[in-house]
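First to last, the protein sequences are chains A and B. To convert, note that position 235 of the first sequence is 235 in our numbering; the numbers rise steadily by one, no gaps. Converting from the second sequence to our numbering requires adding 270 to each position, the first position being numbered 1.
FYI, nobody ran anything at the bench for these hints, they're computed from the structure. Please note that a few of the clues may not be correct.
[To be verified] Partial pick of chain B residues on the chain A-facing surface, computed with a CB cut under 8 angstroms: (1) G318; (2) S375; (3) D379; (4) I380; (5) V387; (6) G388.
[Claimed, not checked] Residues from chain A that keep clear of chain B, each with C-beta distances beyond 12 angstroms, as calculated: (7) F11; (8) D235; (9) V256.
Even glycine gets a Cβ: it sits at the ideal position worked out from N, Cα and C.
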Amino acid sequence: MIEFRGVTKQFPDGTVAVHDVDIVIPPRKTTVLVGSSGSGKTTLLRMINRMVDPTSGQVLIDGTDVATVDPVKLRRGIGYVMQNSGLLPHRKVIDNVATVPLLRGESRRAAHAHALELLDTVGLDRSLADKYPAQLSGGQQQRVGVARGLAVDPNILLMDEPFGAVDPIVRAELQQELLRLQEELGKTVVFVTHDIDEAFLLGDQVVIMQQGGLISQAASPAEILAHPADAFVADFVGADRGKRALHVTEVDGRRVVVDADGRAAGVLAS
Amino acid sequence: MNWLWSNLDLVGELMLVHLALSVPAIILSFVISVPIGWLAHRYRWSRGVLLSICGLLYAIPSLALFIALPAFTGLSLRSPVNLVIALTLYGIAVIVRTSADAFDSVERDIRQSATAVGYSATGRFWGVELPLAGPVLLSGLRVVIVSTVSLATVGAVIGVQSLGSLFTDGFQRGIQVEIITGIVATIVLALGLDALSVMLGRLLMPWTRRGASNGRAAAARRVREETA
């Protein structure tokens with residue numbers, strides 16, 4: 001479990017990125033931090049592995065204040081996946097996946113053997129192991145990034161807009177892949193995105209943030225749609241524009257669900 | 271041409287002496303300027319000061335430096351060590367800005383991601399920043415190689431043996447072939463060392479080869495697809 005207690009982050013230039021945040025991130029679930037740029041979602045994420053230290057307040061992992069843990073040691077125990085994969089361009093795919101186990105002092109052989117298994121896990125062919133990241137497509141690089149994040153079998157996986165830079169078709173693929181992985185592995189995933197649809201798709205809990213690092217609402221997607229906490233949330237999820245309003249119409253005796261634009265969304269199960 | 275055939279031994283020997291002067295200076299200036307460049311990259315406030323001071327070294331006239339150095343080192347004017355020190359200082363002046371640029375050229379995303387997965391500061395320097403600064407560092411090294419090999423000839427004026435001795439001797443005795451031989455041998459030496467450094471770079475930075483060839487192949491594929 002990850003817990004933020006009264007966490008504020010003010011940068012030296014005076015900007016308040018995160019303002020007095022209290023939030024509990026449940027274990028083995030996916031929590032998505034969503035908001036527009038400047039809402040402090042990435043800052044919040046980076047406080048978990050001490051890439052950013054809060055100005056005041058505490059971040060606790062299973063009851064331990066992360067400020068008391070050596071940052072390098074802390075980071076080696078937490079998976080991290082970022083936009084544009086963040087792979088090391090001068091290391092082969094297999095070495096990239098094995099980065100953290102090697103940093104932890106595991107033998108090269110064991111780390112490489114495990115890295116090959118991880119390529120299977122994220123749905124990549126083992127023949128890619130000897131390539132350099134630049135030789136892979138964007139989607140493949142992102143999968144390697146996920147494999148690297150999983151390499152030490154961490155309890156926590158931090159994902160900072162990991163699918164932001166790939167095209168929509170690949171993104172949809174990667175999203176499904178993440179859902180499958182999460183079902184299999186049950187990690188505590190903290191995921192940052194500015195895409196509300198991605199948040200609703202992936203999140204067990206969705207945290208909606210607004211400018212100045214304030215949390216507007218933290219709840220399940222269904223609850224947010226049913227009871228948006230305020231006008232900002234309603235606007236952000238598109239409820240106020242009727243974007244989320246679905247209608248049922250009869251077509252040839254079957255009840256079809258249609259969205260606000262008149263597009264068929266599905267069939268109502270009877 | 272007769273002069274050349276009867277003095278091949280001398281030319282070969284001077285090439286070796288020339289190597290012994292320039293290679294240590296090249297290596298020293300590289301090894302010294304990398305940490306200075308890193309400091310200038312890492313601490314913005316130090317950048318202007320460090321780069322200006324190192325750059326100013328180049329403004330010192332070489333003959334003056336050769337003659338002034340013994341006063342600091344206590345060595346005789348004709349000691350090759352003086353020349354190596356002087357060449358090293360000039361080498362630093364040439365390469366230090368490039369080495370700062372080399373560290374600047376490492377993408378911020380990659381540095382951050384290395385930190386995020388648990389590289390320590392020193393581990394990140396050796397494992398990420400230095401290798402990724404490599405291609406730009408190599409380009410700086412190549413300039414230092416050529417400039418040092420050529421500058422080392424000036425030592426002949428103060429009596430330190432090198433390929434430059436062929437110039438001074440050729441001028442004094444009016445043997446044109448000797449002067450030309452000196453020039454050609456200096457160029458050959460510089461190009462040889464340059465080629466060696468490029469090969470070493472390919473060996474140490476294999477990703478630049480495969481990444482690049484892949485990029486070219488992809489570009490070629492795109493062109494084919496567009497014209498098809």
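Verification of the supplied hints:
| no. | hint | result |
| --- | --- | --- |
| 1 | G318 | 21 angstroms, violated |
| 2 | S375 | 12 angstroms, violated |
| 3 | D379 | 6 angstroms, holds |
| 4 | I380 | 7 angstroms, holds |
| 5 | V387 | 5 angstroms, holds |
| 6 | G388 | 3 angstroms, holds |
| 7 | F11 | 16 angstroms, holds |
| 8 | D235 | 32 angstroms, holds |
| 9 | V256 | 41 angstroms, holds |
Violated hints, listed in ascending order, are 1 and 2; each of the other numbered hints is respected by the structure.
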